Amino acid sequence: MITLDNLGILCIVMGLPFFLTGTVGLLRFPDIYTRLHALTKADNVGLGLIILGLSLQADNLFTVAKLILIWILVLIASSASCHLVARSAMQKNIHPWVK
Amino acid sequence: MMSYSILTVFDIVLISTLLWLAWKMLRSEDIFKAVVLFISFGLLMALAWVRMRAPDVALAEAALGAGLTGPLFLSALRRMERLHKDERRVDIDEERKSDRTLDTKQKEAL
Amino acid sequence: MQDNNRLSIHSHSHLGRCIFLRFLLFSAVWLVLTGSEAESWIIGFPAIGCAVFLSLKLSPSSHVSLSFVGICSFIPFFLRQSSLSGIDVMRRALSRRLAVNPGLVSYTTFLPEGAPRIFFVNTISLLPGTLSADLQSNTVTVHTIDKNIPIWANIQNLELRIAILWRVTPQKGKAL
Amino acid sequence: MSYLHISCALIILCSIAAGMIRILSGPTAADRMMAAQLFGTCGVAILLLLAKGMDTIVLLDIALVFALLAALATITFVRRAWHEQSGVPRR
Amino acid sequence: MISFDDPSWIVIPIILPLAAGLLCFLTRRWAFAFSLAASLGNLLASGILLKQLLSVGPLSYNVGNWKAPLGIALRIDGPAILMLLMTAVTGLGITLYARGYFSFRISGQKKIGRHERQERFFWPLWMTLWASLNGLFLSADLFNLYVTLELISIPAVALAALSGKPASQIAAFRYLLVSLLGSLSYLLGVVFIYRTYGVLDLALLGSKTASGAGIGAALALMSVGLLLKTALFPMHFWLPPAHANALAPVSAILSALVVKASFYLLFRLWFDVFASTITEPALNLLGTLGGVAIVWGALQAIRQQRLKLLVAYSTVSQLGYLFIAFPLAYLEKGADIWAAVIFMALAHSCAKSAMFMAAGTIFLHAGHDRINDLAGVRSYLPVTVFAYAIAGVNIMGLPPSGGFIAKWLLISSSLNSSQWWWGLIVMAGSLLASVYVFRVVSRFFVIPEGYHVPDRQPHSPLLEWPALVLALVALLLGLIAPYPLHILETGSSLFAMVSQKGLLL
Amino acid sequence: MITNMLYSLGGLLLFIMGLFALIACSHPLRKILAVNVMATGVFLILIATAYKQAGAGEIDPVPHAMVLTGIVVSVSVTALALILACRVQETSNRSLSQQRKNDFTGAGE
Amino acid sequence: MTARSTQNKRKRFDPVLLLVLLLIVFLTGLLVQVILATDYLGSGLGDDVARFQDLSGVESPVTAVLLNFRGYDTLLEVMVLLMAVVGVWSLTRAPFPKKPIEPGPIQLAVVRLLAPLMVLFSFYLVWQGSHLAGGAFQGGAVLGGACVLMLVSELPWLKNISSRFLRIGLLSGPLVFLGVAILCIVLQGTLLDYPQEWVGTLLLLIETACAVSIGLTLACLFAGGRPKDDLSGGRKR
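Protein chains in written order, with this note's numbering: chain V, 1 to 99; chain U, 100 to 209; chain D, 210 to 385; chain B, 386 to 476; chain Y, 477 to 981; chain X, 982 to 1090; chain G, 1091 to 1327.
Mixed in with the good hints, there may be bad ones.
Simulated pairs of lysine-lysine, BS3-like, Cα-Cα distance not exceeding 30 Å [what the hints assert, rightly or not]:
1. G/Lys1318 / Y/Lys586
2. V/Lys92 / G/Lys1188
3. Y/Lys543 / Y/Lys684
Have a look at the derived ranges for each label pair, beta carbon to beta carbon [unchecked claim]:
4. G/Leu1145 / D/Pro269: 14 to 24 Å
5. V/Val13 / G/Leu1273: 53 to 63 Å
6. U/Ile111 / G/Val1115: 22 to 32 Å
7. D/Ile228 / G/Val1276: 34 to 44 Å
8. G/Val1110 / Y/Lys543: 42 to 52 Å
Think of the hints as simulated: they come from the structure by calculation, not from any bench. None of the values given here were measured: they were computed from a predicted structure. Cβ atoms here follow ideal geometry from the backbone N, Cα and C, with glycine treated the same way.
Produce the complete structure using the sequences and hints provided.
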């Protein structure tokens, strides 16, 4: 029996691994740039999935809209701050790790 | 019942992380590290207030503790470090200048 | 430069349109925040007024003309790409020997200064395997996590879609 | 009270706790700062899950505050507090 | 129009300086006028409150008309009104002196920009500090007291750092940390109280308290916090640098008023609210610390080479007397000891502010405050030297000063309760005080051979006379001794009870 | 009531840690951090006092209001302390580098 | 030598530190015992608050306590904030760098987008304060965040904000609050005893004014000193 609620739960649970791998990436990747990859991408997808799941379970459309607003804001904040940090690192001559 | 036990686990993890953070923050040699730890400490405190069903306090902590004190500390850190490098500072120059100009003004008046 | 000229020619109507658009945008946000409470507009209107004022103070001119079709096609593209990027990172982080082979690529974009270019730079960071590390006038330095993936094609694809979104015509020769 | 949401929140909390290692060990200042940024995103997720799990709609506003102010610390850091002249790439 | 017996007069001493502080910050031009108006209004309001108190007895006022457990109550009784009057008189003197001080400095030739800055920020800080002092004396709510404590310490720290010299800023930073620590310790105590009883109102707590682990710990935490702020002996380390390196009006404020506020609160908590919780060892401990403070502070004062540091150490010493009364209060069945404490506080606040003002004036004219080089000051600052000497009489405790009355009460009750050693310490303290007072005064009067009397720099009378008037007030306090005692007895149910039956512990 | 206890004890430990660091550390910024941690500990105890489990009745809002007041106060005091600490360094650095004539032993400028 | 590395190496055996440590361990034991002993089970003042909630003019209990039942605390506390600013202003001028670093296009875009949203959101929090979580402090904090975002970007026009404008903004909260408090004495005879028919409006007014001044306060604290023109005008000498 697939209801919206169950679908939401599925999405939420699917979101979790992204957070975990984001952290794993943060810990395992070799330099600041690659860690930025892990941070921005994995976490945003995880958050997106969780927001999708919660939206499926939400009571009204205003809540859904608010959830999406939150996601957009987090996307903006993380991609911008990621770019700023990377740029600042480039300007400070921090060389990327090469194999 | 299940949810209560999960909540207790949540509490324990949260509190022990908080304490660990605080310990590392206060014991670390690197002051910048301590400041970053303090920022994350603020974030986790907001979660703790949420858990204690105090959303008002959590809101204030999220904005102040996690959002504003971090920048406050960071810019204070910058201000302190800059002085070691003996950088030129507008405000100090101006202060000197204002003392000086007023002095000369006074002398002219006399 | 072009933007400034346009501003001086259609200054009045442009400003009016700008205020109106921002007013609409902030009203929508306010509506989302408060839900359907009618009373909230007592504070809402002054708040929106302040926000519009501040936003005009911060960015006096912005020429927004998005194409509806562009938006409709861009959202699914973006969602698909960003979930792919998440999966990509997951795969690399979990593989036993770290599957990373980072490198830097410079890319010159034809997108005009302002919103399209900023949007472009920000979106690069959310695409699989790429991260915008610097922006000097129209040259974006892209850090990639793996030199073997087709970065060039990906970025070009993104650039074209953003061009459609903002109704920009690609200028030949500049993109390459 | 929905224990599923709360246990999901718990898992993300654990991932935050693990991410702390990067703050402690990160060789450059930016590593530490970005790990704190990770806490922000994870914190939003936890808040959203708790909002559902504890049936408190206000928590969405707190998440919104997190999202709005997330960039603040990083921007301050980039502009004011990052001093390293040359990085120490870890090999 | 508010009539004279309106209960709302009780909020005027808080509201008036607060409003003046805001206006002083808003406009610089009228700052002194606003401050003077607030000072005078404050004196008037205190007088009216005194009249009300004498006619109807202790008053209580519910802010916002919300009754005690929920709302915040203000209360006025004998000790509170005396502290209020003390602050009003001393504060008026300091306001006038500050005017003279700043106009003298700004009319000088050096560093006008800096002096203008100091004057510009002095007024709002001082007015708000005053409002919060009054708020503390009047408040009857534990958490509100915390807020007033914070509102005292922030302007106090800012004032201490106002001079802009490195020494004063370092001292102010330390002062800030200490007072934060004190506030937090106090707050933790309040939290324990709230955990145990769920109320914050002092009157309700007074009716509820019994001994217990929670209450004991709470009282201990609050006391440690307040003792830190009061600078009792081992915790006095921050006081001398902070007080000595500040501007002269600020030193007067800090030494005369700010330390008294936290002492008053401590006194209040121990003997009014938690009277049933305190134990004899605790009282003896405080008494012992007080005794050590008297001797130690006086010895340090004798050793100092700089006038302002000497006066600051004298404060450390004088604060000890306030605590010597604690063990005596436990045994001595009578209100005398309370009278002694209040007298001590009143006399010290007037005398010490006069001393700091005099020291400040001397510093301004001589350009330094090295005691050994101050010979001949009498020749060009006679009024100031006179004020310093009279204040010194008070500090030494010679008759007929208020200090004499206080010490006399202390000694007599220590003899009555056959705890003669406290009396001995009081006398020793007085002797040591006479050493450091005479050392300075004698130096003032000596005119060495070939001494060239410097040109008398023109200055406003405000620079000299407030100090003299305050010193005379302290002196006269001994002559009108029965009157404050009368206020204490009529004004407070506690004191009335004590004077009839003795303190029932 | 286990939650209440857990958080109270956590708050207490934070207070104690802050106290120790305040006494033991010499760097001004670290002292300020320590005071902040102490304040947070006190607030945590206070909020834990007010806490009740869902369904166990209304939560007492008075401690919440007190903590809100306290947080705002502590932020402003922190800011003042930070600026004061910076200022201490600035003025002492400046005076040392300039070697001013006037002696610093003289009090009360 | 940077401040990060000036941290003195701790000595191995510092007897004072050891003593402090022992004392603190002792204190911990004592306080833990007290915590365990004082397990408060009553409802504190919660019942009283719930009883008078209808009279308070707002639906949120915390806001009712903050602005109505214990409004006097909040009045003093707003003054604490103001005093922190006065203290900071008295210490130093705001350190604006001589040559501000140009904020990059991305950062500028973030500021342009987020700052107005933050302002909007802060007003939303003030509004929200009357029935759910939120209020002047939270709204003010977010407003302060918006100001800090702009300050960090070192936008050139921020340097020229006049001191008078700032002072009026900073004082708006305390002045409105104090004004209403005094008005209450005139109208009702008691400090902060709001007239029943106006209570909701008055509280909203106070909250809005306080939020503005708290936001500016936080911004001024972040700026770290008084504006350039604070002492140049004023009295003619």
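The hints, checked one at a time:
1. With a C-alpha separation of about 21 Å, the suggested pair G/Lys1318 and Y/Lys586 falls inside the 30 Å cut-off, and the hint holds.
2. For the suggested pair V/Lys92 and G/Lys1188, the alpha carbons sit about 21 Å apart, so the restraint of at most 30 Å is met.
3. The suggested pairing of Y/Lys543 with Y/Lys684 holds, with an alpha-carbon distance near 17 Å, which does not exceed 30 Å.
4. Between G/Leu1145 and D/Pro269 the beta carbon distance is about 49 Å. The supplied range of 14 to 24 Å is therefore violated.
5. Distance hint for V/Val13 and G/Leu1273: a CB-CB separation of about 57 Å, consistent with the stated range 53 to 63 Å.
6. Between U/Ile111 and G/Val1115 the CB atoms are about 23 Å apart, so this pair conforms to the stated range of 22 to 32 Å.
7. For D/Ile228 and G/Val1276, the hinted distance range of 34 to 44 Å is satisfied, since their beta carbons lie about 42 Å from each other.
8. Distance hint check for G/Val1110 and Y/Lys543: the Cβ-Cβ separation is about 45 Å, which falls inside the suggested range of 42 to 52 Å.
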